[in-house]
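**Q** Those protein sequences? They're chains A and B, same order as listed. The numbers in full-length UniProt numbering rise by one with no breaks, and the one at position 323 of the first sequence is 323. The numbers in full-length UniProt numbering rise by one with no breaks, and the one at position 41 of the second sequence is 41.
Since the hints were derived computationally from the structure, they do not count as laboratory data. Fair warning: there could be bad hints in the mix.
[Unchecked claim] Where chain A lies over chain B, by a calculated footprint (3+ residues, C-beta under 8 Å): (1) 12-25; (2) 28-41; (3) 44-56.
[Unchecked claim] Non-contacting residues of chain A with respect to chain B, defined by C-beta distances greater than 12 Å in every case (computed): (4) 33; (5) 44; (6) 64; (7) 102; (8) 134; (9) 227; (10) 265; (11) 299; (12) 302; (13) 322; (14) 369; (15) 377; (16) 389.
Here the structure is a predicted model, which means the values were calculated and not measured. Yeah, the Cβ is synthetic: ideal placement off N, Cα and C, and Gly gets one too.
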Amino acid sequence: MTRPTTEPEAVPFPLRIPGEPFPPPRYEEYRRREGLVLTHMPNGGRVWLVTRHAEVRAVLTSKKVSANPDREGFPHISDTMGVPRQEQIPGWFVGLDSPEHDRFRKALIPEFTVRRVRGMRPSIERVVDGLIDSMLAAGDSADLVADLALPVPSLVISSLLGVPPVDRGFFESRTRTLVTIRNSTEQQRDTAAKELLRYLNRLIGIKVSWPGDDLISRLLATGAISTQELTGVLMLLLIAGHETTANNISLGVVTLLLNPEWIGDRRAVEETLRFHSVADLVSLRVAVEDVEIGGRLIRAGEGIIPLVAAANHDQEAFSCPHAFDPGRTERHHVAFGYGVHQCLGQNLVRAEMEIVYQRLFERIPALRLAVPVEELPLKYDGVLCGLHELPVRWDRPATAP
Amino acid sequence: MRITVDADLCVGAGQCVLSAPGVFDQDEDGLVRVLHSRPVPEDADAVRLAGELCPAHTITVHED
Numbered sequence: 001m002t003r004p005t006t007e008p009e010a011v012p013f014p015l016r017i018p019g020e021p022f023p024p025p026r027y028e029e030y031r032r033r034e035g036l037v038l039t040h041m042p043n044g045g046r047v048w049l050v051t052r053h054a055e056v057r058a059v060l061t062s063k064k065v066s067a068n069p070d071r072e073g074f075p076h077i078s079d080t081m082g083v084p085r086q087e088q089i090p091g092w093f094v095g096l097d098s099p100e101h102d103r104f105r106k107a108l109i110p111e112f113t114v115r116r117v118r119g120m121r122p123s124i125e126r127v128v129d130g131l132i133d134s135m136l137a138a139g140d141s142a143d144l145v146a147d148l149a150l151p152v153p154s155l156v157i158s159s160l161l162g163v164p165p166v167d168r169g170f171f172e173s174r175t176r177t178l179v180t181i182r183n184s185t186e187q188q189r190d191t192a193a194k195e196l197l198r199y200l201n202r203l204i205g206i207k208v209s210w211p212g213d214d215l216i217s218r219l220l221a222t223g224a225i226s227t228q229e230l231t232g233v234l235m236l237l238l239i240a241g242h243e244t245t246a247n248n249i250s251l252g253v254v255t256l257l258l259n260p261e262w263i264g265d266r267r268a269v270e271e272t273l274r275f276h277s278v279a280d281l282v283s284l285r286v287a288v289e290d291v292e293i294g295g296r297l298i299r300a301g302e303g304i305i306p307l308v309a310a311a312n313h314d315q316e317a318f319s320c321p322h323a324f325d326p327g328r329t330e331r332h333h334v335a336f337g338y339g340v341h342q343c344l345g346q347n348l349v350r351a352e353m354e355i356v357y358q359r360l361f362e363r364i365p366a367l368r369l370a371v372p373v374e375e376l377p378l379k380y381d382g383v384l385c386g387l388h389e390l391p392v393r394w395d396r397p398a399t400a401p
Numbered sequence: 001m002r003i004t005v006d007a008d009l010c011v012g013a014g015q016c017v018l019s020a021p022g023v024f025d026q027d028e029d030g031l032v033r034v035l036h037s038r039p040v041p042e043d044a045d046a047v048r049l050a051g052e053l054c055p056a057h058t059i060t061v062h063e064d
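Turn these sequences into a full structure, and let the hints steer you where they fit.
**A** Encoded structure:
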């Protein structure tokens, strides 16, 4: 294998530029380059970009690579691009390596099995139908992000955690402030995070005294996670499952409106995940030993960003990768990451997406975009790709009550 | 074809159950359980897919 030894010229960061489509067209050029691509984080740190599918999977399963943000050289995204940094909270296990990570993951796995998620489907259907009822009752137009895509994961997670109905308004508003970047300041998000942590603490206290049929009560019963750690675990579940799902829902609806031949085909869910790869910048890593990736030696202490959107559009792994084709046979996308940190809630996300696509187009078959597709506000200011708003319209049936 | 698993490595993503539901299941802890360690030829492609998708390399598919 050839090993480039000269330092390549660094490409600019951030990788996404307003007005450009997503994934950025430059990813294709990066994949064709020999070796890896170098960039500098906003704080100046050198980081290697990994863009090819096989190499992204190699990074995410390498024992020489760490997910711990406290490690020297870890590539931190700037503070303005994400939710307030939570890494100091005990139980934030996405930032831990094995074996510390595994205790948390193993405690949570039973909550997200294929069978358990299947059992949640009726309650997800009720949530989705209730939100569509409200949209229909309000008129003949809606913002599908605010009215459906964001509230679905919010209501599903609050039901899973056993948030009392009376607290749902508080819970949802703070969550929304925390996970949406455009309409809130850093200080507002920080306040919302503190209020949510305080709320989750109180909720855990209630579940200690009065256990119910919910995730918090079941985790407390196992004793595998301390109540202090549990707060961080819940915060992580809340954030990880929220805007990611919302972005997949809204982008998927747009893609189905543009490709109506796939409406009603369940395979559209998996292809939406690959095609949009909303969590492109989520799986950040740092080398803890020298490791060779893509023919280049990455030194211990150097940051690595495996770009999942680039991997999912690699033509070595997917034929005609830029086409939205739910009928494709390749299923090995890395939209949920890969390795031990692969998304724990992935089957819940799939169920939420599938039920939304199904119910929305069944109940509002005349659904259409209310603005030209080029005018939809794509997110460039966060770690996730998605839509800030999705204005839609429909014609009321002539015989509407 | 023969399947072996190292359940200690399992991270409970459930991709095997989705790919080959007649061959893999999750136990009460959510970890992989092999229902048929020598799957029938009709399941061979689904089993290979399960091996390919497993994020933690828990599943090994032996082509013997």
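**Q** State for each hint whether it applies.
**A** Hint-by-hint comparison with the structure:
{"no.": "1", "hint": "12-25", "verdict": "holds (count 6)"}
{"no.": "2", "hint": "28-41", "verdict": "holds (count 4)"}
{"no.": "3", "hint": "44-56", "verdict": "holds (count 5)"}
{"no.": "4", "hint": "33", "verdict": "holds, 27 Å"}
{"no.": "5", "hint": "44", "verdict": "holds, 33 Å"}
{"no.": "6", "hint": "64", "verdict": "holds, 15 Å"}
{"no.": "7", "hint": "102", "verdict": "violated, 8 Å"}
{"no.": "8", "hint": "134", "verdict": "holds, 32 Å"}
{"no.": "9", "hint": "227", "verdict": "holds, 22 Å"}
{"no.": "10", "hint": "265", "verdict": "holds, 17 Å"}
{"no.": "11", "hint": "299", "verdict": "holds, 26 Å"}
{"no.": "12", "hint": "302", "verdict": "holds, 24 Å"}
{"no.": "13", "hint": "322", "verdict": "holds, 22 Å"}
{"no.": "14", "hint": "369", "verdict": "holds, 32 Å"}
{"no.": "15", "hint": "377", "verdict": "holds, 33 Å"}
{"no.": "16", "hint": "389", "verdict": "holds, 32 Å"}
Consistency note: the structure conflicts with earlier hint 7 alone.
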